[in-house]
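Number of protein chains: 2
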Amino acid sequence: MVEDQDAQILAHLQKDGRATNQQLAEEVGMSTSACWRRVRALEESGVIQGYAALVARERAGFAMSAVLHVSLERHDAKFVDEFVSRVTKRREVLECFATTGDADYHLRVVVRDMAAYNEFLDEFMFRIPGIRHVRSNVILKEIKSSVVLPF
Amino acid sequence: MVEDQDAQILAHLQKDGRATNQQLAEEVGMSTSACWRRVRALEESGVIQGYAALVARERAGFAMSAVLHVSLERHDAKFVDEFVSRVTKRREVLECFATTGDADYHLRVVVRDMAAYNEFLDEFMFRIPGIRHVRSNVILKEIKSSVVLPF
DNA sequence: CTCATTTCGGTATACTCTACCAAAATTTGA
DNA sequence: TCAAATTTTGGTAGAGTATACCGAAATGAG
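Chains as they are written, first to last, in numbering that gives the first Met the number 0: chain W, 0 to 150; chain X, 0 to 150.
Among the clues, some could well be false.
Any copy will do: because identical chains look the same in the list, a pair fits if it lies in one copy or spans two.
To be verified - Cut-off 27 Å, straight-line C-alpha distance, at most; resulting in silico cross-link-like pairs (DSS-like, lysine-lysine):
no., residue 1, residue 2
1, 77, 14
2, 77, 143
3, 140, 14
4, 140, 77
5, 88, 143
Keep in mind the hints are simulated off the structure, nothing from the lab.
Sequences and hints are given; from them, build the entire structure.
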């Protein structure tokens, strides 16, 4: 589905999302028009979901982040859908994965400070129906944070 | 440090990293030149770390991902530095956070398939010196995965 | 108030994107 | 094997955009 030339394009655009089409074409060794068409095809087929500026969390004023492990009391569609719906809407939740293991869900949450985190837990997380357990692990240091898939 | 107009610019560029300067300027209500200067200042000061195409993991051929909890035997700088150095270089590791709690580190790993994951563990993770324990949680479903800070 | 500094909006120029073309390459079917 | 049909290619023109520079306006300090 994604062939070699496409993989090269993706690899490069993941590292420089504002690369000009000319740079890209040169990098992957094709004409600007061929390259441009491939990029557009990747966008339209949904392989490229979009483009984003990557903002330094701390510099932008978000001093605190945490990893949360959440498990639900019951796994009826009713509770699961409600949980998913609420978590998806909540902007402090940057990531949420359903996983194997003890906890049902792994979340990553970003907030401005401890007060905001407290509020996030009290006003949002603990009010979601059907939650059995929430474990908070505060992030002490970001060793690595990347969006670049290992092509 | 980051004031209101900047926050608006960042909020927008996080959602559309390829927005033209004109769109941006209109969106945040300033002239194109003022807007362009602010963006450049944000880039040069490191608030904007870069730009990236966001690639759909599964569509790009990475069928498997997992959350790993890792704890070290000892926390001498020697072992910690070695761990951080190796993990930072390894492209399958998209995220690594040092956290409070039982596990010292939370990683997110992305690979093409189960075989690649096995190899990742055997050839890489289990060979890092000083590791006490690794717990793998396979990601069953990505509920949410965002790079947009909650401005 | 006055001077110095910063920030502003407008503009010219060089660069880039995008749609279109005919040519080349590839695939299809007999 | 060949020729028709389809896809993909590179080049190009015009519209759109980024970027450096200008003098004007706003801001701050003494």
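Here's how the hints hold up against the structure:
1. 77 <-> 14: neither (40 Å within a copy, 31 Å between copies)
2. 77 <-> 143: between (36 Å within a copy, 19 Å between copies)
3. 140 <-> 14: both (23 Å within a copy, 25 Å between copies)
4. 140 <-> 77: Only across copies: residue 140 and residue 77 sit 17 Å apart there, 36 Å inside one copy, limit 27 Å.
5. 88 <-> 143: both (26 Å within a copy, 9 Å between copies)
Of the hints listed earlier, the one the structure fails to meet is number 1.
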